[in-house]
Each structure stands twice: as C-alpha cells, then as structure tokens.
Amino acid sequence: MPFPSPFFKQQAANPSVDVSFRIFADAVYKTLARQRQRKINSNISLTQKEGIKQIRELIQSAQIRLSTSDKGGEFVVIPHQLDVAITERHLQDVSLYRPSSAGEFLTQYRKLNREWASEAKTAGLHPSAIARLKIDLPVCPVLYTLIKTHKFQASDEFKSNDPSAFKVRPIVSCVGGPTDRIGWFLNTIFGQLLKYIPAHLTNTHMFLNRLRTTNITEGCVMESFDVNALYTNVSNDSAMQAIFELLSEHVGTINLHGFSISQLMLLLKACLNCNVFRWYGRYFAQVRGLAMGQRLAPTLAIAFMAKIELPTLSCRPLLYCRYIDDCFVICATQADMDKCFQLMNEQSEHIKLTRDKPTDGWLSFLNVQVRITKGVYWTKWYRKPSNKNILVHFLSAHPSHMKRAVVTNMFRTAAKVCSGRAEKEESLELARQIAMSNGYEGHVSTSKRRRQLLPRNRDPTIAEKIPFCLPFISDEVSTAIRQCLRRSALNNIVSVVEIPPGNLKRQLVRNRMYDRFCITPNCVVCPTGKPGNCMCSGVIYLITCISCGEEYIGETARPLCARIREHLDGKQRSRESTPLGNHRRVQHDGANFDVNVKILAQEPETSARKTLEALWIQAKNPKMNRKEECLSITRELAPYLELLF
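Residues in the sequence shown are numbered from 1 upward in steps of one, following full-length UniProt numbering.
You may find that some hints are simply not true.
To be verified - Cut-off 27 Å, straight-line C-alpha distance, at most; resulting in silico cross-link-like pairs (BS3-like, lysine-lysine): (1) Lys465 with Lys9; (2) Lys357 with Lys403; (3) Lys49 with Lys9; (4) Lys71 with Lys134; (5) Lys49 with Lys403; (6) Lys151 with Lys465; (7) Lys357 with Lys416; (8) Lys352 with Lys339; (9) Lys53 with Lys388; (10) Lys167 with Lys388; (11) Lys159 with Lys53; (12) Lys505 with Lys384; (13) Lys148 with Lys416; (14) Lys39 with Lys339; (15) Lys352 with Lys269; (16) Lys167 with Lys384; (17) Lys505 with Lys71; (18) Lys352 with Lys49; (19) Lys9 with Lys134; (20) Lys269 with Lys121; (21) Lys151 with Lys357; (22) Lys530 with Lys505; (23) Lys151 with Lys352; (24) Lys148 with Lys388; (25) Lys388 with Lys195; (26) Lys53 with Lys39.
To be verified - Derived CB-CB ranges, DEER-like: (27) Leu266 with Gln572: 23 to 29 Å; (28) Thr253 with Gln507: 41 to 47 Å; (29) Leu266 with Arg212: 16 to 22 Å; (30) Gly73 with Asn345: 28 to 34 Å; (31) Ser101 with Phe593: 32 to 38 Å; (32) Met1 with Thr253: 20 to 26 Å; (33) Pro311 with Ser101: 24 to 30 Å; (34) Gln572 with Glu642: 25 to 31 Å.
The set of hints was computed from the structure by calculation and includes no laboratory data.
Since this is a predicted model, take the numbers as computed values, not measurements.
Backbone N, C-alpha and C fix where the C-beta goes; we use that ideal spot for every residue, glycine too.
Required output: the full structure, derived from the provided sequences and hints.
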C-alpha cells in the first residue's frame, strides 16, 4: 500500500542486526563528516543561478505562471493575467462545469467516507486498512491547465494575448483529495479486468506482438483513429455499466478483497459523485465526463471505449488495437476502413474521432512508425515532432548509473522496435542525436551501444531488500556508503536508494499556485508561514508561547490544523495532560496566552518523522516537551545532530 501508516510500532530488538546497524551508522557518519569538509562544485553558472532566482521571484509575486507543456515536456512561461483568462474561459463551458461550494465538497467527502467505512467493514477489511484508506480531512482537488503548444500553427500564436487562441488540457489534481486512497484501492480491483478487453494495449511490445501475428493481405489499408478529449466526453453511466459487465463476467478470476459486485459499484458511484474542485478560491463541480488526475479515470475510460468499439470489432478488421484513446486499424479494403470509422463516431453523442493516414507510406502509432508494402510490414522508432527529447542531462546531479540507464534504455528501445537492419540503423542514429543534444556526446560509442542492447540481468533480490534512502551527493559518496553497507554485513538485506536533488520542474512548477490559501478559522499556522500550511500533513512542528517564549515540538500524520486544534482545545480547558494546558496552569497561573506555529520539516514516513522529531527535540530542548513524548536518540544517531543543525 503506497500510503504511510498513521501508527508507529517499534520493532523488537534483534541483537545481531543491531550490532551491524551500529557499525553501519558510525561508518556513514564518518563518510558524511569527511564530505562536509569538501567543497561541492555547482553544475550551473552564476548567470543561470541569477536567472532561476529571478524566475522564482516572478512566480512568487504572481506575475507569471511556470508550467510544462501538454506533450513536449518543455517549460511554458505565461503571464498571470493571460493564464487566468484562459482558465476562466475554459470553465465557462456549462456542459462540463457548474458552480459549487465548500459546503457541497464537505457533504460529498463525508458521504464517501461513511459509505467506505460501512462497506469495507462489511467486506471484512482489517480496521487498520479501512482507516489508512480513509482521509478524514482531505484537501480539495484543484484545477490546473497545460497549454497544448503542439497545437500552435505558427510561431506568432505564442505571442497572442487572446485566450481563445490557446488550447488546454484540464487536469484536476486529486492528490490528498477525498477519492485519492479509496480510488487507488478500487483501481487495484478494476485494473485486473483490463486484460479481458480484447483491443486494449499496455505498451509498444504488446502492439508489435499483435502486429506480428496479424494476417496482413496485399492491398490492405491502415489508419489510426484518435478520440477527441476522451476523458471529459466519457459517459460515466456507460463506463460504470462496462465495469459492471466485466465484473459479472470475470468475478471468479479476480481478487475482490471480500467485496461484492454491488458494494464495489456503490463505492465507484460515490467516488464519481465526489466531483467538486477548486480554482482561484472558487468551487466548481464537473458535470460530465471524468477528471484527468483522478486515479480511476484511465481504467474507466478504457472500459468505456471497450463498449464504443464493439460494433467495429464485429466488422472483423484484420487488426484493431487501442492504447487508451489511440486506435490502430488495418482493414482489407478502404471501404471497410470507412465503415469502421463511421461506426465508432456513431456510438456516443460526445465521442468524436479523427483519423490519420500514412505519410510517405509510414503511419505513426505510439513510439513506432509502421509501413505495409505488398503484405509485409516494416517498423522503426518514432519521436513526435512535438517531443523536445529532453533527457536527464549528462551534467545533471544524478547518479551516473541512472544517467547510463536512461541512455541505455533509449538505445535499447530504438533497436528493439525495428524490423530490419536499415530501420535499426536509422533509429539508432536518431537516438545518438538525442543523446548528443543532452550532453552525452562522446560518451556513447557504437561498441558500447551494442553491448547495451544485450538482454538485461537484474538482481531479483533487490525488490525484497529494505531501502536505505540517501540524498544524492556524488558518485564517490554513494560508493563509500555501499562499502559501509558491505563492511557491516547488511548488504544482503539493505539496498542504497539515491534520491536526486529537486530539478527545475520540482522547484519552480506549482500546480496549486492559485489555491494556496488558508481556510482555517482563527489560524495560528499560516500567519507565520505560507498560506495553506495549516493543511500540510506529515510534519514536524514548533509551537511557541508568545508570552514567555517557551516552545513545544511535535509531529503529526494528519493535516496540521487538526492537531493544532487539539492543542488549542487542551489549552482552553487547561488540561494538565496536554502540553499547552499544563503550560497554562504551571507557567501562567491559569491565564490564557497566544501561540504561533511553525513547520520545521515534512516527512511522510511515520518512523522517519518520529526520528526527526526526536532529533529536533534534542537540538532545541523545548521546555514544554516531556521526556516520554518522543523516541530517545540512540547512540548511533546522536552524532548526526551536528550534521543537521
């Protein structure tokens, strides 16, 4: 389950492992202490640093919004006023959206939580799993848009200030929202059904296998069909009906985790009814289709398209396969192809398809191009013109093995999808040009590429090992840490996982740019931090008494405002069992006092968060904390305090 447990259970002591851990912790500390004395050279120039600083200031002052494009991957810088006008124009489509309210959002998520708790309990799910998948205080999903730069017909359109000149892809970010975790659970069940959809593709390899087994006739024709705005045009009722039919037919072959079909359909309906989102402080509800960004959307869209394509499959084309909304079709004659296209456009009021025919004999689909000549097919690697071919740059602060893997996989894919020697050479040359444009010139030789195209031998035990997550500093440090692991005899149960530093996208792109504001009455968190901090979860926080300056450090997995509300309630009632209540009675003789709250760190994993809390308490020695309230700092971790503070 990809969600942290809200509870922390301390493991029983294991003497042999404890000794190894002490050796490992001491060795890692010495390695980091040595590294701390060394100067790390930056991989960006002073001019680039100044440019990043200026962009960050423009974003913070709400003069611009920085995002990525819909398909190319490049950055899009757009003036604030134009961005707002584009989104407002999109939201004016009354066939898709209607005004809503915070009250409706509250009603929806409470109803979903009640139904989830009831049905999951009836199904026999463990109480801890029920609680872990329910979000008692969810954040409201927010809308953001991606500019479809590949739709621009001329360079002058980039300079336009007319909102109607820009086509966008709307995305509703549901991370931390009401349906986030419940939708994930339902998806683990419904996702098992996709293998029973005949036309469904999961990757290029499956497509090439289908193409390889197709009886291609001389004179046949091929085309690709594309569905316009599939997600927003899906009929939710039809998608639910498709899921119901698949469940009914294959109920004996999939794991329902104790749920009945009727219970699953009830929960699916409840998730789809949670359709309220926020933009710029205003609430809206989506009245048609699926929100791109909801976990269930891809599975439901695939199931819905399975119903749309049934009449086409009954026409028995030589090949019909589909990757979500992109269809590849081979028919014996052009008349058969036209009939298939017409049938698919007649199945739903809102579903409309466009068609593409081969150009110079080649038809692109996914990341390959296909050509059919005299009943024989040929394939080669393909990159869309809109794709900017951005890879992890050779000079970026990533582990060398990660950068090698990126380039290796690109060359391997380029060679693997090709049908002949000439196509393979052409594809490998394209891959070489892309590698060179990302700084790998002179670092990928022809002989090396050939070695990299050989089958990969992966260590099957890596997935079973405990990950030791380490911020990437340098290859030298990572190698030293792995040596520490081997010396402490932990390398058979622990693997080092390097976390690269935040790239420009993570540092500068903010999808909640217009919706980070405080909604907590009489908030004591946001005034001393950033708007919206009160809804952050998985944090270590500092409470300071404004009257005397004494402090309290705590941690919580829930939204911070919920935990602070409990602290303030204890203060208001002067409860001795609470830190603020006891502080009021002992230090202020029952007189009330004001506090402010600051977030010290964020950490989603409970065990790591509690360790960080203990380190902060050890470093700051807050007067309001009691000794039994936190984990003790072990001898192995105590030296790390000087590295952290």
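### Task
Starting from the hint list further up, note which numbers the structure goes against and sort them upward.
2, 3, 4, 6, 13, 14, 18, 25, 27, 29, 33, 34
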